[in-house]
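Q: Chains as they are written, first to last, in our numbering: chain A, 1 to 278; chain B, 1 to 298; chain C, 1 to 347.
Do not rely on the hints blindly, as some may be mistaken.
[Said to hold, decoys possible] Only some residues are given here: those of chain B computed to face chain A with a beta carbon under 8 angstroms:
1. Leu-121
2. Phe-138
3. Thr-178
[Unchecked claim] Pair by pair, the computed Cβ-Cβ distance ranges are:
4. A:Phe-112 to C:Gly-174: 52 to 60 angstroms
5. B:Val-281 to A:Phe-112: 47 to 55 angstroms
6. B:Ile-85 to A:Phe-112: 34 to 42 angstroms
7. B:Ile-85 to C:Ser-166: 32 to 40 angstroms
8. B:Gly-100 to C:Ala-20: 50 to 58 angstroms
[Said to hold, decoys possible] Mimicking SDA-like on lysine to any residue, the simulated pairs with C-alpha atoms at most 25 angstroms apart in a straight line are:
9. B:Lys-39 to A:Ala-121
10. B:Lys-39 to A:Gly-179
11. C:Lys-134 to A:Gly-177
12. C:Lys-94 to C:Gly-126
13. C:Lys-94 to A:Leu-89
14. C:Lys-134 to A:Leu-191
15. C:Lys-77 to C:Gly-239
16. C:Lys-111 to A:Trp-185
17. B:Lys-74 to A:Ala-189
18. A:Lys-167 to C:His-196
19. A:Lys-167 to C:Leu-78
20. A:Lys-167 to A:Phe-257
21. A:Lys-167 to C:Gly-126
22. C:Lys-77 to A:Thr-131
23. C:Lys-105 to A:Leu-101
24. C:Lys-134 to A:Glu-186
25. C:Lys-105 to A:Ser-174
26. A:Lys-167 to A:Arg-102
27. C:Lys-94 to A:Ala-189
28. C:Lys-134 to A:Arg-102
29. A:Lys-167 to C:Arg-207
30. C:Lys-77 to C:Ala-19
31. A:Lys-167 to C:Leu-346
32. C:Lys-77 to C:Ala-157
Hint data in this document are derived by calculation from the structure and do not stem from the laboratory. Computed from a prediction, not measured in an experiment: that's the story for all the values here. Here a beta-carbon is modelled for each residue, glycine too, at the ideal position from N, C-alpha and C.
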Amino acid sequence: MRADRPRGWRLVGRYTVLGVVAAVVLFPIYAVLLQALKSGPDALDHPSSLLPTHLTLDTITTAWTDGNLGRMMLNSMLVSLLVTAGVMLTSLLSAYAFAFLRFPGRGVLFVFFVATMLVPAEVTVVINRRTADSLGWLNSYQGLVVPALASTFGMLLVRQMFLTLPKELHEAASLDGVGHLRFLWEVAAPLSRPTLGALGLFTFLGTWNAYLWPSQVITDEAHKTIQIGLEDLKTPGDISRFNLITGGLVIAALPIFVMLVLFQRQLVRGLTAGAVKG
Amino acid sequence: MKRRLRDVPPALAMLVPSMALLAVWTVYPLVMAFINGTKSCDSTGRRCNDVGWQQFSNVWQSREFQHALGVSLKLAAMTVPAGLILGVGLAVLADKHLRGIGFFRTAFSSTVATSVAVASLVWFVLLQPEIGVLSDLFHEWIPSLKQPGLLRDPGTALPAVALSSVWAGLGFTFIVITAGLQGIPRDLYESAYVDGAGSWRRFTNVTLPMLSPSILFITVVLTTRALQTYAEVSLLTGGGPNPEKSTTTIPYLIYGRNSVIQNNLGLKSAAAVLLFVISLVFAIVQFRGFEKRVQYAR
Amino acid sequence: MAQVRLEHITKVFGDGAEAATAVDDVSLEIPDHEFMILLGPSGCGKSTLLRMVAGLEDPTEGDVFIDDVRVNDVEPKLRDVAMVFQSYALYPHKTVARNIEFPLKVRGIGKAERAAEAQRAAEVLGLGPYLGRKPGQLSGGQRQRVALARAIVRRPAVFLMDEPLSNLDAKLRGDTRAELVDLHRRLDSTFLYVTHDQVEAMTMGTRVAVINQGRLEQVGAPQEVYDRPASVFVAQFIGTPPMNIIPGGLLGDGSVRLGVRPEHLRLDTGDGATGAGGGRVQATVRQVEHLGHEVLVLAHGNGDDGLALTARLPPEPGLPGAGDVVEFAFADRHVHRFDAASGERLP
Numbered sequence: 001m002r003a004d005r006p007r008g009w010r011l012v013g014r015y016t017v018l019g020v021v022a023a024v025v026l027f028p029i030y031a032v033l034l035q036a037l038k039s040g041p042d043a044l045d046h047p048s049s050l051l052p053t054h055l056t057l058d059t060i061t062t063a064w065t066d067g068n069l070g071r072m073m074l075n076s077m078l079v080s081l082l083v084t085a086g087v088m089l090t091s092l093l094s095a096y097a098f099a100f101l102r103f104p105g106r107g108v109l110f111v112f113f114v115a116t117m118l119v120p121a122e123v124t125v126v127i128n129r130r131t132a133d134s135l136g137w138l139n140s141y142q143g144l145v146v147p148a149l150a151s152t153f154g155m156l157l158v159r160q161m162f163l164t165l166p167k168e169l170h171e172a173a174s175l176d177g178v179g180h181l182r183f184l185w186e187v188a189a190p191l192s193r194p195t196l197g198a199l200g201l202f203t204f205l206g207t208w209n210a211y212l213w214p215s216q217v218i219t220d221e222a223h224k225t226i227q228i229g230l231e232d233l234k235t236p237g238d239i240s241r242f243n244l245i246t247g248g249l250v251i252a253a254l255p256i257f258v259m260l261v262l263f264q265r266q267l268v269r270g271l272t273a274g275a276v277k278g
Numbered sequence: 001m002k003r004r005l006r007d008v009p010p011a012l013a014m015l016v017p018s019m020a021l022l023a024v025w026t027v028y029p030l031v032m033a034f035i036n037g038t039k040s041c042d043s044t045g046r047r048c049n050d051v052g053w054q055q056f057s058n059v060w061q062s063r064e065f066q067h068a069l070g071v072s073l074k075l076a077a078m079t080v081p082a083g084l085i086l087g088v089g090l091a092v093l094a095d096k097h098l099r100g101i102g103f104f105r106t107a108f109s110s111t112v113a114t115s116v117a118v119a120s121l122v123w124f125v126l127l128q129p130e131i132g133v134l135s136d137l138f139h140e141w142i143p144s145l146k147q148p149g150l151l152r153d154p155g156t157a158l159p160a161v162a163l164s165s166v167w168a169g170l171g172f173t174f175i176v177i178t179a180g181l182q183g184i185p186r187d188l189y190e191s192a193y194v195d196g197a198g199s200w201r202r203f204t205n206v207t208l209p210m211l212s213p214s215i216l217f218i219t220v221v222l223t224t225r226a227l228q229t230y231a232e233v234s235l236l237t238g239g240g241p242n243p244e245k246s247t248t249t250i251p252y253l254i255y256g257r258n259s260v261i262q263n264n265l266g267l268k269s270a271a272a273v274l275l276f277v278i279s280l281v282f283a284i285v286q287f288r289g290f291e292k293r294v295q296y297a298r
Numbered sequence: 001m002a003q004v005r006l007e008h009i010t011k012v013f014g015d016g017a018e019a020a021t022a023v024d025d026v027s028l029e030i031p032d033h034e035f036m037i038l039l040g041p042s043g044c045g046k047s048t049l050l051r052m053v054a055g056l057e058d059p060t061e062g063d064v065f066i067d068d069v070r071v072n073d074v075e076p077k078l079r080d081v082a083m084v085f086q087s088y089a090l091y092p093h094k095t096v097a098r099n100i101e102f103p104l105k106v107r108g109i110g111k112a113e114r115a116a117e118a119q120r121a122a123e124v125l126g127l128g129p130y131l132g133r134k135p136g137q138l139s140g141g142q143r144q145r146v147a148l149a150r151a152i153v154r155r156p157a158v159f160l161m162d163e164p165l166s167n168l169d170a171k172l173r174g175d176t177r178a179e180l181v182d183l184h185r186r187l188d189s190t191f192l193y194v195t196h197d198q199v200e201a202m203t204m205g206t207r208v209a210v211i212n213q214g215r216l217e218q219v220g221a222p223q224e225v226y227d228r229p230a231s232v233f234v235a236q237f238i239g240t241p242p243m244n245i246i247p248g249g250l251l252g253d254g255s256v257r258l259g260v261r262p263e264h265l266r267l268d269t270g271d272g273a274t275g276a277g278g279g280r281v282q283a284t285v286r287q288v289e290h291l292g293h294e295v296l297v298l299a300h301g302n303g304d305d306g307l308a309l310t311a312r313l314p315p316e317p318g319l320p321g322a323g324d325v326v327e328f329a330f331a332d333r334h335v336h337r338f339d340a341a342s343g344e345r346l347p
């Protein structure tokens, strides 16, 4: 018997605690979801708004059309996919250099990389906005994507994973004449799949959810991402349209929720593979 | 070629993309922020004159910055311990071999899917004084939910922002701590169990020490996040309620829509650099303080 | 087909106060077709020596030649050597077939040809049925063969092997030894093989290089090294149980130490049948180990010099028991003489 497997009443107690806690954590999501699935008046009739009756997709569809959310979702999707692919690429390359190559100045460069992680966006945003401006990147996809393409977090995560691979693999490959890129694609990357999956998921999530930087570089409707666009649904004063925003919230969070449900285990496994081992 | 230098060309090729990006989008703006922090510019940002390093201490001593610093620190004091305790609690609760535990794990990590913007708007909806669910359900116990509204009452606005922030960060904390828990070798628990340690002793003697690297990481992340709180404030309160400005954090002071230094690049840069230094000091202190106690599992 | 030559190789790890000399001025010539064993205890520098031939480490001083070409600055992949690692270093996500053909793929050899080559190498090692499996689904012995096949398929000039049998169980190790010797004969190329196991050294090598603390102690054919060990270290490292070393003072010459192998010690039953001209030592029996085909008598000398003796005797009646005082005798022709100070063999 495992030391931590309870039985009988303790089991019931444990499920009860888990259930109550889950209910509390999920309550905000549940309340907003139900409001989004009701017509305006029903949504505001509390506490019956919390009962799953009189459900309709009207609010969500209205939010979708009125808020121009389709366009924003596409923007968010495009930007998040590009950034995720880019970050995985740059992280793989820099992690490989730090994990497998020996060159003078490696330690100094590594410290440089890590130090950049400590610089908060708040410090860089003002100047970066000007840089984007002078490049003509305001209100453009480049402006949203390019500055996010290098990730020290990603480099560290992948490097940590690479360091757990047996050294002999790399030595055997170098004796067999395997080039660096081939080793990276054919050996190191496939063996680091869980870590890369976690990195990809986190990067996608972070980009999808980014707020400060998009709010600074994007002002036009054509390039707005969903996160900064949602606010437009927050029309003060007009109570009848109030729950439109709940429809917008559901739409904005849905893709990420689906990803989370599908990949929750991989996320934890990917982090366990590299991060925990000092 | 000598082995010492043999790896230099491939290493350079592999590092250049990241290095170039970091140089342009992180190092350059950091240096510029320091330089701009010493200047005073007009609203167009073209004509500037040099104020010197004096400006940093001017900003630091200004009433607005001191107030915003106080708000940011209060926010951190509310969100970091709460987020940490809740996150560890949830992770330990869900770290059991039970049927259906996957559902609970997904539930507990679900707030990772809600961005700060989404989470803030969720709470904005729930706490809306006239028609929010929570306001309608609980106003008999907490009158300020209705009058004037939790987000409009100078006394409760900041705790309400903190509530939204803690909730939004819970999923991430849960995932990192869960990963940490799964890295703890099971035989440690089993040997503690055989030694007759009860569940509380196993928690304090095995779980907590073995989790310390994850806890340190989360503490630093949560603190940094709290000090850099912007979106929650922007969406929930707009820095108000005014005139108390009860929720004007440092980032909101710098970037907020009705920021008093909106068009003053020099002041904005100086304030941002000060924020960076404060975050850095906190991170260093936390690393130092933890260093001796952290157990790195091998 | 190639010969390997090491000239005054020294390898120092670290620098300053932490510098550690792993290999100390080793010169060694390995002719074409030889099965050369680098033998020594763990940490003696033998693996470092092998890795310098492979190009995975740079010598601090000295030169490595392969076929009279100095390869110090030649990349590993251009040295035409293949290496079998102790951990096998198989790619866990690739099938056996893909593992074996990977070195060929890297060299741009066509799909059909490399499949055929991999097939052939797999047949040689009896891996035919496992080509579609992943390393994780194989036993230790099978994995070891995959590692060998991956080396063979390249037809390298020199095979380097770093304790390839040490992760196998005893029975499998015995079988594989014979197969490796067979393989060496068939491939007709140069093998450089690192081990700490003297049985592997004795049974497989055409020559053995014994290394201790980074220094080359002796090079020679296995029997020669056994029969005429160049130092006390070699004498005691090769042969089980190890050679008995008796202080010369016991027999009247303090400047030498005498070595006698356990099989050359005889019980002196006092009837004079053991013959004369050698020496004799009095000892107290500590333990008697019956191994079936032979008996080991472990004893300690009756002096206060801590002398320990082991004798290897036939399982015949009349053996002593623990606590008995006995006298061991040995013939002069079986005595090895070593300098008491340096430990080196005296002619």
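Q: It remains to establish, for every hint, whether it holds in the given structure.
A: To see whether the hints hold, each was checked on the structure:
{"no.": "1", "hint": "Leu-121", "in the structure": "holds, 6 angstroms"}
{"no.": "2", "hint": "Phe-138", "in the structure": "violated, 10 angstroms"}
{"no.": "3", "hint": "Thr-178", "in the structure": "holds, 5 angstroms"}
{"no.": "4", "hint": "A:Phe-112 to C:Gly-174: 52 to 60 angstroms", "in the structure": "holds, 55 angstroms"}
{"no.": "5", "hint": "B:Val-281 to A:Phe-112: 47 to 55 angstroms", "in the structure": "violated, 21 angstroms"}
{"no.": "6", "hint": "B:Ile-85 to A:Phe-112: 34 to 42 angstroms", "in the structure": "holds, 35 angstroms"}
{"no.": "7", "hint": "B:Ile-85 to C:Ser-166: 32 to 40 angstroms", "in the structure": "violated, 50 angstroms"}
{"no.": "8", "hint": "B:Gly-100 to C:Ala-20: 50 to 58 angstroms", "in the structure": "holds, 56 angstroms"}
{"no.": "9", "hint": "B:Lys-39 to A:Ala-121", "in the structure": "holds, 21 angstroms"}
{"no.": "10", "hint": "B:Lys-39 to A:Gly-179", "in the structure": "violated, 51 angstroms"}
{"no.": "11", "hint": "C:Lys-134 to A:Gly-177", "in the structure": "holds, 22 angstroms"}
{"no.": "12", "hint": "C:Lys-94 to C:Gly-126", "in the structure": "holds, 19 angstroms"}
{"no.": "13", "hint": "C:Lys-94 to A:Leu-89", "in the structure": "holds, 22 angstroms"}
{"no.": "14", "hint": "C:Lys-134 to A:Leu-191", "in the structure": "holds, 13 angstroms"}
{"no.": "15", "hint": "C:Lys-77 to C:Gly-239", "in the structure": "violated, 38 angstroms"}
{"no.": "16", "hint": "C:Lys-111 to A:Trp-185", "in the structure": "holds, 19 angstroms"}
{"no.": "17", "hint": "B:Lys-74 to A:Ala-189", "in the structure": "violated, 44 angstroms"}
{"no.": "18", "hint": "A:Lys-167 to C:His-196", "in the structure": "holds, 22 angstroms"}
{"no.": "19", "hint": "A:Lys-167 to C:Leu-78", "in the structure": "holds, 20 angstroms"}
{"no.": "20", "hint": "A:Lys-167 to A:Phe-257", "in the structure": "violated, 38 angstroms"}
{"no.": "21", "hint": "A:Lys-167 to C:Gly-126", "in the structure": "violated, 28 angstroms"}
{"no.": "22", "hint": "C:Lys-77 to A:Thr-131", "in the structure": "violated, 45 angstroms"}
{"no.": "23", "hint": "C:Lys-105 to A:Leu-101", "in the structure": "holds, 23 angstroms"}
{"no.": "24", "hint": "C:Lys-134 to A:Glu-186", "in the structure": "holds, 15 angstroms"}
{"no.": "25", "hint": "C:Lys-105 to A:Ser-174", "in the structure": "holds, 14 angstroms"}
{"no.": "26", "hint": "A:Lys-167 to A:Arg-102", "in the structure": "holds, 13 angstroms"}
{"no.": "27", "hint": "C:Lys-94 to A:Ala-189", "in the structure": "holds, 13 angstroms"}
{"no.": "28", "hint": "C:Lys-134 to A:Arg-102", "in the structure": "violated, 31 angstroms"}
{"no.": "29", "hint": "A:Lys-167 to C:Arg-207", "in the structure": "violated, 30 angstroms"}
{"no.": "30", "hint": "C:Lys-77 to C:Ala-19", "in the structure": "violated, 29 angstroms"}
{"no.": "31", "hint": "A:Lys-167 to C:Leu-346", "in the structure": "violated, 44 angstroms"}
{"no.": "32", "hint": "C:Lys-77 to C:Ala-157", "in the structure": "holds, 12 angstroms"}
Comparing the model with each numbered hint stated earlier shows that hints 2, 5, 7, 10, 15, 17, 20, 21, 22, 28, 29, 30 and 31 do not hold.
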